[in-house]
Amino acid sequence: MRCTHAEKLIPLFAGDDLPAREADALRRHLKSCANCRRLAAEFEESRDWLREFAAPQFDNEVLNDVRDSVLRDIGRIENRTGQLRWIVPGWNLRFAFATSLALLLLGSLFGLMINRRQPPRDPRSNQAEMEKSGANQAELPSGKTPNDRANIDERFAQGKPDRRRFKRKPIKPGLKGSPQTEERMAEPDLITQNMDTGVSASDPSAAANPEDADMDASRDMLRIEIQTADPNIRIIWFAPKSDAAPSK
Amino acid sequence: MEIALMAEKIEGQDESRDREGAVAASARLIIRAKAGDMAAFDQIITNHQRRVISLAWRLLGNREDARDAAQETFLRVYKSFGRFDPAQDFNGWLYRIAVNVCRDLARKRRGDHFSLEAEVESGAIAEPASPHNTESAAMLAQEQAILMRALAALPEKERAAIVLRDLEGLDTEEVARILGSSPTTVRSQISAARVKIKAFRERFLKRGTAPRA
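As given, the protein sequences belong to chains F and V, one line each in that order. Residues in the first sequence are numbered consecutively from 1, following this note's numbering. Residues in the second sequence are numbered consecutively from 1, following this note's numbering.
Worth flagging that the hints you see were computed from the coordinates, not collected in a lab. Mixed in with the good hints there might be a few duds.
[Said to hold, decoys possible] Straight-line distance between alpha carbons at most 25 angstroms, and here's what the computed BS3-like set of lysine-lysine pairs gives: (1) V:K79 with F:K8; (2) V:K196 with V:K157; (3) V:K34 with F:K8.
[As the list claims (entries may be wrong)] Where chain V lies over chain F, by a calculated footprint (3+ residues, C-beta under 8 angstroms): (4) 20 to 34; (5) 40 to 47; (6) 57 to 65; (7) 228 to 235.
Given the structure is predicted, the values throughout are model-derived calculations rather than measurements. Don't be surprised by glycine CBs; every beta carbon is placed ideally from N, CA and C.
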């Protein structure tokens, strides 16, 4: 055995922690190597010095105090558990906790299942419903509503240009906060306009747009505008004149 | 000669019988405590608390923490008695709980708690008792201080391994079971701890001064 290897084994040898075979091999080496023998003696001396280190003597008063504290804490735990057992009689806390957790999970799963069972909305039937009832659709900035799209497609199919116009109703001059403006902003204005004639029903000041005359006369669509509280936002929709013609 | 040998044999048998009796009594006590007998649990505390508090002091380095750790150890024993199998070794189980409690307490109160002045005040470390023998008493106090610092300087796992092996006298396999490691790992930790303690001792004893607290 080499000294480099022996030096690694000596700390364990000093405490009888080496397996028997390795301990024998080291003993044989120590017989012939004075340096390693001295090192082993130093380790044994250090270990003996460590073992002389006794813990301080704790007197009976300290030990009784520890015991009493433990018994007091156990009494408190027992009282608390007893109170909770009154709430859930016959059960232990773990069982009660596990049961409530299981019920919560089951409830969540049940809720998810019910949610998934609801039939999905069919977009086509939705559109048909809206057409029937003449539902109002906000005209998006892009101008795409289902009705418009159908009409635009038809117009394109016929080779006619898209004649949609975003008509801004002119805002009457008035200071912010003036009674006129506030009155305008308080209620949205309902403007109906005949697509064919371009005449605004409620606002005679709005001039008929000559370009409206370019629109296909066969289409008899009612153009309905609602001015919102924000003067820059106006809702416009088209409805078949025969179905939904709001009062002018 | 033969009579002497026979007497020795009988004495040995008596001792082993006594030991077996003590083990059986301890097992009965544990079973009663497990069943909820508070008097039995009180007796268990009385039988083991000195050992637990000494171990805690060696691992933590001060009396207050050692008391808190001992208290917490027995509380955890009480709470987890339901899971304890009486066929297991109770001492090993108790040691495992005590080591874990000391580790948790040391982590909570991070910092060096080996205060030489505090331990001398509390009487844990011997002061020079007599003015006529101050030199040897002072040396003793100094050596104890060096030893405390050496233990404090060890990493947590090496400290636990060396305290259980060299100070509590448990064998390597038992130490490995308590620490939840393999015997090989424990041997390696013990070896490293012994090397460090030896180096520490040589450094400060040769200098003739105790390390600062």
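**Report entry** Structure versus earlier hints, numbers of those that do not hold, lowest first
**Finding:** 1, 3, 4 and 7
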